[in-house]
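Start from the sequences, fold in the hints, and give me the full structure.
There are 2 protein chains.
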Amino acid sequence: QIFDFEDERQALLFAAYHREASPYGLHTSMFIPTLKTQASEEQQKEWLGKAQRREILGTYAQTELGHGTFVRGLETTATYDVERKEFVLHSPTITSTKWWPGGLGYTSTHAVVMARLIVKDKDYGVHGFITPLRSLDDHRPLPGVILGDIGPKFGYNANDNGFLRLDQVRIPLKNMLARFSRLHEDGTYEKPPHAKLSYGTMVFVRSNMILNGASALAKASTIAIRYSCVREQGMVQPKQAGETKLMNYKSQQYRLLPLLSHAFAIHFTGFYILDMYKDLLRRLDGSDFSTLPVIHATTSGLKAYVTTVAADGIEEARKCCGGHGYSQFSGLPTLFADYVPSCTFEGDNWVLFQQTARFLIKSLKAAVAGKPLAASVAYLKGYRAVGEGQKSQAKSGQDLLIPQVQLKAFEHRATRLIMEAAQLLETDRKAGKQYEISWNAHMIDLIRAARAHTLVVILTAFIERVEATTDEKNKRVLKKLCDLFCLYNIESPFAPCSSEFVEDSYFSPAQIRMARDNVHHLLSELRPDAVPLVDAWNFSDAALESALGRRDGNVYETLYNWASQTPLNQKAAKEGGVDVEGYTKHVKKVLEGGVNTEPM
Amino acid sequence: QIFDFEDERQALLFAAYHREASPYGLHTSMFIPTLKTQASEEQQKEWLGKAQRREILGTYAQTELGHGTFVRGLETTATYDVERKEFVLHSPTITSTKWWPGGLGYTSTHAVVMARLIVKDKDYGVHGFITPLRSLDDHRPLPGVILGDIGPKFGYNANDNGFLRLDQVRIPLKNMLARFSRLHEDGTYEKPPHAKLSYGTMVFVRSNMILNGASALAKASTIAIRYSCVREQGMVQPKQAGETKLMNYKSQQYRLLPLLSHAFAIHFTGFYILDMYKDLLRRLDGSDFSTLPVIHATTSGLKAYVTTVAADGIEEARKCCGGHGYSQFSGLPTLFADYVPSCTFEGDNWVLFQQTARFLIKSLKAAVAGKPLAASVAYLKGYRAVGEGQKSQAKSGQDLLIPQVQLKAFEHRATRLIMEAAQLLETDRKAGKQYEISWNAHMIDLIRAARAHTLVVILTAFIERVEATTDEKNKRVLKKLCDLFCLYNIESPFAPCSSEFVEDSYFSPAQIRMARDNVHHLLSELRPDAVPLVDAWNFSDAALESALGRRDGNVYETLYNWASQTPLNQKAAKEGGVDVEGYTKHVKKVLEGGVNTEPM
Ligand SMILES: Cc1cc2nc3c(=O)[nH]c(=O)nc-3n(C[C@H](O)[C@H](O)[C@H](O)COP(=O)(O)OP(=O)(O)OC[C@H]3O[C@@H](n4cnc5c(N)ncnc54)[C@H](O)[C@@H]3O)c2cc1C
Ligand SMILES: Cc1cc2nc3c(=O)[nH]c(=O)nc-3n(C[C@H](O)[C@H](O)[C@H](O)COP(=O)(O)OP(=O)(O)OC[C@H]3O[C@@H](n4cnc5c(N)ncnc54)[C@H](O)[C@@H]3O)c2cc1C
Ligand SMILES: [Ca+2]
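Chains E and A, in that order, give the protein sequences.
Take our numbering: the last position of the first sequence gets the number 600, and nothing is skipped along the way.
Take our numbering: the last position of the second sequence gets the number 600, and nothing is skipped along the way.
To be clear, the hints were calculated from the coordinates, so they are not data collected in a lab.
Backbone N, C-alpha and C define an ideal beta-carbon position, used for all residues, glycine too.
Be a bit skeptical, because a hint or two may be false.
To be verified - Only pairs whose alpha carbons sit at most 27 Å apart, straight line, appear in this in silico DSS-like list of lysine-lysine: (1) Lys239/E x Lys191/A; (2) Lys433/E x Lys245/A; (3) Lys585/A x Lys574/A.
To be verified - Computed spacing ranges between beta-carbons, pair by pair: (4) Lys585/E x Lys174/A: 32 to 40 Å; (5) Ser287/A x Asn554/E: 44 to 52 Å; (6) Lys381/A x Lys245/E: 54 to 62 Å; (7) Ser505/E x Asp541/A: 30 to 38 Å; (8) Val405/E x Asp471/A: 26 to 34 Å; (9) Asn554/E x Pro372/A: 51 to 59 Å; (10) Thr470/E x Lys395/A: 56 to 64 Å.
Claimed, not checked - Derived list of chain E stretches under chain A, where covered just means 3 residues or more per stretch with a C-beta under 8 Å from a C-beta of chain A: (11) 63–76; (12) 95–109; (13) 138–152; (14) 441–448; (15) 493–502.
Pasting the structure below:
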């Protein structure tokens, strides 16, 4: 068994809800999982215990200054010296410098270094090497190892993302990760039994990014919704007593409640995927690789979709808090800046969607050929009706609340887009164009198809979860959230890609109006549940670190108190209300005419 | 004459291209302009020269802890003491604390404080008061004045945005801004001649925010496009020699070239609006207030649209740079964090669009009544055809490149949305609903209408600019950019609100496909011009502050060198490659088992 699954699941769930960027993050999130999934038993015996006891601290060093997405292009070499039974790790160029790994700068003692395996001048491609970086005595870099911090970043500054240059560094043969492929002493290379076996770790990491995304988006929604139920600004009626809570503005509801519905949708999808993953592990134990491709494709698309939506959503929630959202005391700027690299790491989103697209194109072919399909793409069997231009049969707003009607719309969109992309590739193929050139030409169509499929997965998970809910009250409110999630994505001109539901006339203008009326109705219905729904996430004040998102609503005093406590204000208070240094060095000179503050 | 217009224009253009968040920014951008537009001649004599010579440093203090958008709700009072001919400025509650004004914390000596004028218990609403805050001798806060910095923010941290509490602070009668309304010694109040006269400053500031938005978006596009033409990653063909430049990926083109087209569109609109503003000033000099409402409505919508697009665009450009975009060395995180409050200050975008919507609803009524219309809304005369469900007549991709066809589509969308919103309000009115309640219920429809109208203004400005271009080569490439701007907004599912072109079947599925083909064709055509087009903005390396956006393309060495120069790396270099303090205090303890790094 690769993992003690329940252990990891609990740990990662906890982490998803509480973790901050930490220099030790990679040790837990990548170094240990990599040892668990890719190290042989003997290797685990040597390193895993030490790592778990934190006698060594590790990171995962793949990305180089010159290469991230295109892993095959990595330049770091691990040349096998058959005489000494050692690898010589080397950074041949400046672009081969490892760049970005978390905790690499001044924290880690070890790294899994991804490098090209070279044996007798033959290049076997990129493999992982357990590489000691620093002395365990005094933390000094080992001979030939040049390490440092890559400098200030948007966020994540508590993490010493680092660089690494290797100058002919020798490590023993046994340090090459050997669970799947291995090198024998004499230099004979043994291939892994299944090309995609090492996808396991990726799938696991990406699954957890789904829950992480839900949590980040839920945090932001919690802050913005709580604040919007405290802050009063302006009047909805001319002579009302007192002012209106922000949450009573239609625009504020329209911006925030769909975000919250997305957080729930993604959260339920996260669990749905963890169940798929659990099933995958059971199968892999029995050498059944059959579900690897579908899980890999699904989690790739989900990672891309979820991180995009969560990043954009956090920023929208921040804007919903007006000026105070821009203060670090709102907690939102840091949440955003620390979250947003999720769109880039573990696979850039625009690249990941293409991996999903590859699988979808194959699945469509299978559907057309009448071959069996994975459950999550079984809807492709309906390709014929889609090709004939089927239209939604919804006759009323009520119809649009029927789960089958909703799912059918999402499935129609995905099927249509997959078919259109496949058609474009096929036309090019017939015209003799090279597949890869053709792929690039139609990349946007392919990415749209992948995104649309991903939304089918999410809506399916959400609907299943609503149906599985037994408590009647919860079920009613979850159903409303699910309807809002679904219909907002159909009707809202502000929802990315909503035009895809109408550009082929699947929905008529009248149906869109019905969907829109439903959405506005749902916003009013959900308005009173807004606070209970964010409270349900149960974030502590400490986890939110937000003056605006406090449970007790004591926003203004908190802002005032926190501001009074800044070092600058404390210092100035002692100096008669003047920042003496700033005044003497700068302001005074300006006032005395010595400095020009104008831009010209 | 209110302004020496050419002077201001040059200064603000320069500032738009080079300005950073500075503690002296508000002095130039708000304090001086407010004196110029709202101070009487005597007041200007007393304060303007001093301000221009920077013998005093001022800010504009309107926002309070409890009020931003809803200016009428401000709580700070200025009570007139008729005996002493003084105002008593006072902050009665914690929420009345002034909060956010730039440079207020420890820089400014003066502020225009916006406060409710109270004379003999009568409340005359919010007026501006020139208020000395600090001693010009030692910079200490004057009696009754409590000042400080509001704490860390997302960006803008070079600016000491501050708070201000006033405890019965006395200032002379002559300090109330008196160009438009004035208070006589005996407490008689004189109203301004035109209710919206003070909009002048707002219009000016917002116009400049348009150019500023263009510049910010152009900077981000420049960095991302230059980098995408240097960085190579992966292969478009399986066995190509070397790797592919990012800019050759279709998705990268699709993400970046439309952004660049928006920067151009917004830039030309900025000049178009400055011309409108110049005309306004001429009219105001002759007491002609007729164009004030249309300019106010237009600049409100433009400010809202432009700042949203620029903020989102900067972040998209950052993501296009992959991991290195997340480094501060890319210049993009700071550009984003410093730019994004533009969506909130000078009027929150979701509120500003509503001001535009008010004007549009009125203009539609005027159109229906056959009354004269301002030029920019003259298209509303076509409301009847729109109401009858007109469809685009474009028969080919070629047709979609005809400026009249393009404009007609944008005008159709705007007219339809304005009509729909008006219809919703009208139905409610007939049902006896209160106007304001009805406004709130249909806020999203109103905002969509305002946004759609704003795009008519921008497309008009862009088309006019293309047509006015005499150089044939420039004209050809600008025409392509204009087509890309227009058609991307119509066909792209990723373009906000593109569904509005199809949700009423104005464009058929076939026409959308034609638009999409055009866009893909334009991307290929513009690809070779990408670098010349960003070079045309002529940003210096110093202005971009970006390792990725360098003119010479020397990306990797710059990243490496800049990283080597960080204080942490410099210090560690002297300590044998170890961050001795961090190691001793933290890492060593973890390795020795004293600290648990796990989240649980
Ligand atoms: C905070 C942070 C932490 C990180 N931690 C680690 C770590 O611990 N260990 C580690 O090894 N790495 C780490 N990374 C690096 C990260 O994995 C890479 O940044 C990521 O893989 C993207 O690669 P890149 O930066 O080279 O982007 P690039 O591959 O250069 O991509 C740049 C742009 O080109 C586009 N593009 C590239 N290829 C294609 C294509 N085929 N089709 C279409 N578009 C394409 C992308 O969409 C993107 O817009 C981290 C990065 C960050 C930001
Ligand atoms: C960097 C920065 C610099 C600043 N500099 C200055 C300065 O120099 N001087 C100064 O006086 N102020 C300054 N401000 C304050 C700024 O002007 C206010 O933040 C701005 O006016 C918005 O007001 P608010 O923060 O009270 O937001 P709120 O009015 O509380 O708005 C919060 C949310 O409610 C929504 N909302 C509010 N009213 C409505 C409505 N009627 N309809 C629909 N939605 C509504 C908004 O859309 C927003 O999403 C600055 C702010 C920042 C961030
Ligand atoms: Ca330990």
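Comparing the hints with the structure gives:
1. Lys239/E x Lys191/A: Roughly 23 Å separates the two Cα atoms, so the pair holds.
2. Lys433/E x Lys245/A: With a Cα-Cα distance of about 21 Å, the restraint between Lys433/E and Lys245/A holds, given a limit of 27 Å.
3. Lys585/A x Lys574/A: 18 Å, holds
4. Lys585/E x Lys174/A: 32 to 40 Å: Since Lys585/E and Lys174/A have Cβ atoms about 34 Å apart, the given range 32 to 40 Å holds.
5. Ser287/A x Asn554/E: 44 to 52 Å: At roughly 51 Å between Cβ atoms, Asn554/E and Ser287/A fall inside 44 to 52 Å, so the hint holds.
6. Lys381/A x Lys245/E: 54 to 62 Å: Taking Cβ atoms as reference, Lys381/A and Lys245/E lie about 41 Å apart, which means the hint is violated.
7. Ser505/E x Asp541/A: 30 to 38 Å: 51 Å, violated
8. Val405/E x Asp471/A: 26 to 34 Å: 56 Å, violated
9. Asn554/E x Pro372/A: 51 to 59 Å: Holds, since Asn554/E and Pro372/A (Cβ atoms, about 54 Å apart) stay within the stated range.
10. Thr470/E x Lys395/A: 56 to 64 Å: 58 Å, holds
11. 63–76: Result for this restraint: holds, n = 8.
12. 95–109: With 8 residues in contact (Cβ-Cβ under 8 Å with chain A), the coverage given for the region 95–109 of chain E holds.
13. 138–152: It holds: at least three residues are needed, and the region 138–152 of chain E offers 11 whose Cβ sits within less than 8 Å of chain A.
14. 441–448: holds (count 6)
15. 493–502: holds (count 9)
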